[in-house]
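Full structure from sequences and hints, please.
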Amino acid sequence: MSKTLAYYPGCSLHGTSGEFDASFRASARALDLTLLEIPGWDCCGNTAAHSINRLLATALPVNELAKVEQDMKLDAVAVPCAACYSRFKTGAHEVEDAETAADVRAVVGRAYAGGVTVQNLIDVYHDAVGLEELAARVTRPFRGLKIACYYGCLLTRPPKVTLADDPEYPTHMDDVVRAIGCEPVDWNYKTDCCGASLALTEQGIVDDLVSRILNDAKACGADAVAVACPLCQVNLDGRQSEILRKNSSWQTIPVIFLSQLVGRAVGVSDKELGLKKHLVDIAAVMA
Amino acid sequence: MTTTCTVSPLLAENVGTGCGENAYKCYQCKRCTSGCPVALYSDMHPAMIMRAVQLGQLDMVFDDKFIWLCTGCETCTTRCPQGIDIAAIIDELKIIARRDGRIPADAPSAVMLKLNYDSFVRWGRMWEVELITRDVLKRPTSVKSWLSLGPKMMLKGKINPTLKRGNTMAMKRMVQTSESITKANRQRQADAAAAHTGGES
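Residue numbers (our numbering), protein chains in the order written: chain S, 180 to 466; chain X, 25 to 225.
If a hint is listed, it holds; no wrong ones were tucked in.
Straight-line Cα separation of at most 25 Å, SDA-like style, residue types lysine to any residue; simulated pairs:
{"#": "1", "chain 1": "S", "residue 1": "425", "chain 2": "X", "residue 2": "66"}
{"#": "2", "chain 1": "X", "residue 1": "176", "chain 2": "X", "residue 2": "139"}
{"#": "3", "chain 1": "S", "residue 1": "268", "chain 2": "X", "residue 2": "191"}
{"#": "4", "chain 1": "S", "residue 1": "268", "chain 2": "X", "residue 2": "108"}
{"#": "5", "chain 1": "X", "residue 1": "168", "chain 2": "S", "residue 2": "383"}
{"#": "6", "chain 1": "S", "residue 1": "268", "chain 2": "X", "residue 2": "197"}
{"#": "7", "chain 1": "S", "residue 1": "425", "chain 2": "X", "residue 2": "180"}
{"#": "8", "chain 1": "X", "residue 1": "196", "chain 2": "S", "residue 2": "285"}
{"#": "9", "chain 1": "S", "residue 1": "425", "chain 2": "X", "residue 2": "171"}
{"#": "10", "chain 1": "X", "residue 1": "180", "chain 2": "S", "residue 2": "449"}
{"#": "11", "chain 1": "S", "residue 1": "339", "chain 2": "X", "residue 2": "55"}
{"#": "12", "chain 1": "S", "residue 1": "455", "chain 2": "X", "residue 2": "179"}
{"#": "13", "chain 1": "X", "residue 1": "54", "chain 2": "S", "residue 2": "384"}
{"#": "14", "chain 1": "X", "residue 1": "162", "chain 2": "S", "residue 2": "421"}
{"#": "15", "chain 1": "X", "residue 1": "188", "chain 2": "S", "residue 2": "250"}
{"#": "16", "chain 1": "S", "residue 1": "455", "chain 2": "X", "residue 2": "187"}
{"#": "17", "chain 1": "X", "residue 1": "196", "chain 2": "S", "residue 2": "216"}
{"#": "18", "chain 1": "X", "residue 1": "168", "chain 2": "S", "residue 2": "426"}
{"#": "19", "chain 1": "S", "residue 1": "455", "chain 2": "X", "residue 2": "156"}
{"#": "20", "chain 1": "X", "residue 1": "196", "chain 2": "S", "residue 2": "250"}
{"#": "21", "chain 1": "X", "residue 1": "176", "chain 2": "S", "residue 2": "424"}
{"#": "22", "chain 1": "S", "residue 1": "450", "chain 2": "X", "residue 2": "185"}
{"#": "23", "chain 1": "S", "residue 1": "450", "chain 2": "S", "residue 2": "464"}
Calculated from the structure, these hints are not laboratory results.
Every value quoted in this text rests on a predicted model; they were computed, and no experiment measured them.
In structure tokens:
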């Protein structure tokens with residue numbers, strides 16, 4: 180049965196991570212999910228709003244949730260960008276407080292009744308599609324490709340907002356990659372921070388953090404790292420050339436969006452998956 | 025050299041009214057610092073920030089770059105045994121630092137956050153290309169780091185130079201309303217605090 184979800188791509192998926200947007204849409208189509216982009220969506224406020232204008236940071240995602248609930252009349256929204264997802268979940272959590280809700284209502288111009296489930300990329304495959312259904316749809320299974328599932332920060336933290344089962348050692352992405360024939364590896368840096376937007380200003384720190392994460396993935400036997408966040412992908416993939424310049428013995432490791440792995444497994448073409456947009460070549464592991 | 029030390033007994037209270045968190049609950053177990061990905065890169069670290077907030081040590085908090093290195097990864101908030109939302113306190117300190125003109129010179133992230141904010145306020149959506157261009161204009165030294173990665177990303181088609189605007193009218197209205205409500209709330213809290221102290225000072 181076909182399901183319909185509202186879709187909030189966010190600025191990164193329209194910017195540096197076009198392949199995330201394309202592969203997510205294509206995988207959803209192959210899985211009979213209808214995605215309806217929120218018309219005229221505005222930025223969720225990202226990292227900047229909550230450290231400059233706290234009320235706006237809450238109001239921006241709630242404004243989008245109100246559109247989904249009252250204009251689109253849908254009960255779930257897919258938010259594949261982990262940073263946007265976090266802002267949506269935080270906004271929804273904060274308007275549970277009556278005083279905040281009143282201020283937010285004044286900013287947004289209407290009340291949000293709380294009727295929309297916010298789903299990140301993993302939730303879409305794990306819950307909206309379901310693991311059994313996903314496994315049944317696989318036409319090109321991976322044959323035991325070893326994947327380090329990297330969750331980063333905001334898919335699970337803070338747990339009072341995300342309601343993640345285990346914020347220190349999440350496993351839902353591992354379940355999803357297993358359903359498409361990959362072998363998730365047990366590793367230590369699943370939820371460590373990649374440096375996020377410090378990549379714009381403090382590249383040395385990001386190179387340290389990225390090296391540590393990827394070294395552990397390699398030491399634990401991974402052939403590739405799977406991600407569900409555009410910023411994690413840009414950092415883990417993009418910083419490797421600079422890390423290699425500083426350390427000539429560096430062994431590169433491909434960093435792939437979960438939507439590209441799922442898309443390939445359910446028969447989406449390589450072109451639609453944007454496999455050539457990565458700085459560390461992913462063709463060999465996706466073959 | 026004379027060492028000055030600016031102290032404000034109101035710092036913890038101001039943080040509390042801004043973000044609703046009680047800094048006095050911290051008993052210095054340092055779990056926040058142990059898990060912090062950037063604690064190694066500045067003189068201060070999360071537990072020290074919490075102590076400095078309790079003591080009202082403005083210079084310790086605002087002269088150091090730590091709060092501007094915080095990525096908002098929420099590890100401290102997740103692990104705090106006292107349930108303090110430490111990341112929210114760091115955010116509030118960023119708001120106070122900006123308001124009081126206390127951003128240190130070695131904190132490029134403070135500039136970047138504002139460029140980012142201005143970009144989505146202007147267009148309804150954050151425009152990455154604009155962000156990078158304005159950053160280079162403001163911080164010419166940053167051009168070197170952009171050149172190390174930018175051309176490679178462009179060749180791969182990773183950079184989308186175009187911008188699709190959001191609903192700029194709605195954005196403008198929400199920015200203005202949120203600013204005026206925040207200002208009114210702050211005034212109300214300040215009046216209440218003044219009434220509480222019986223008009224002293």
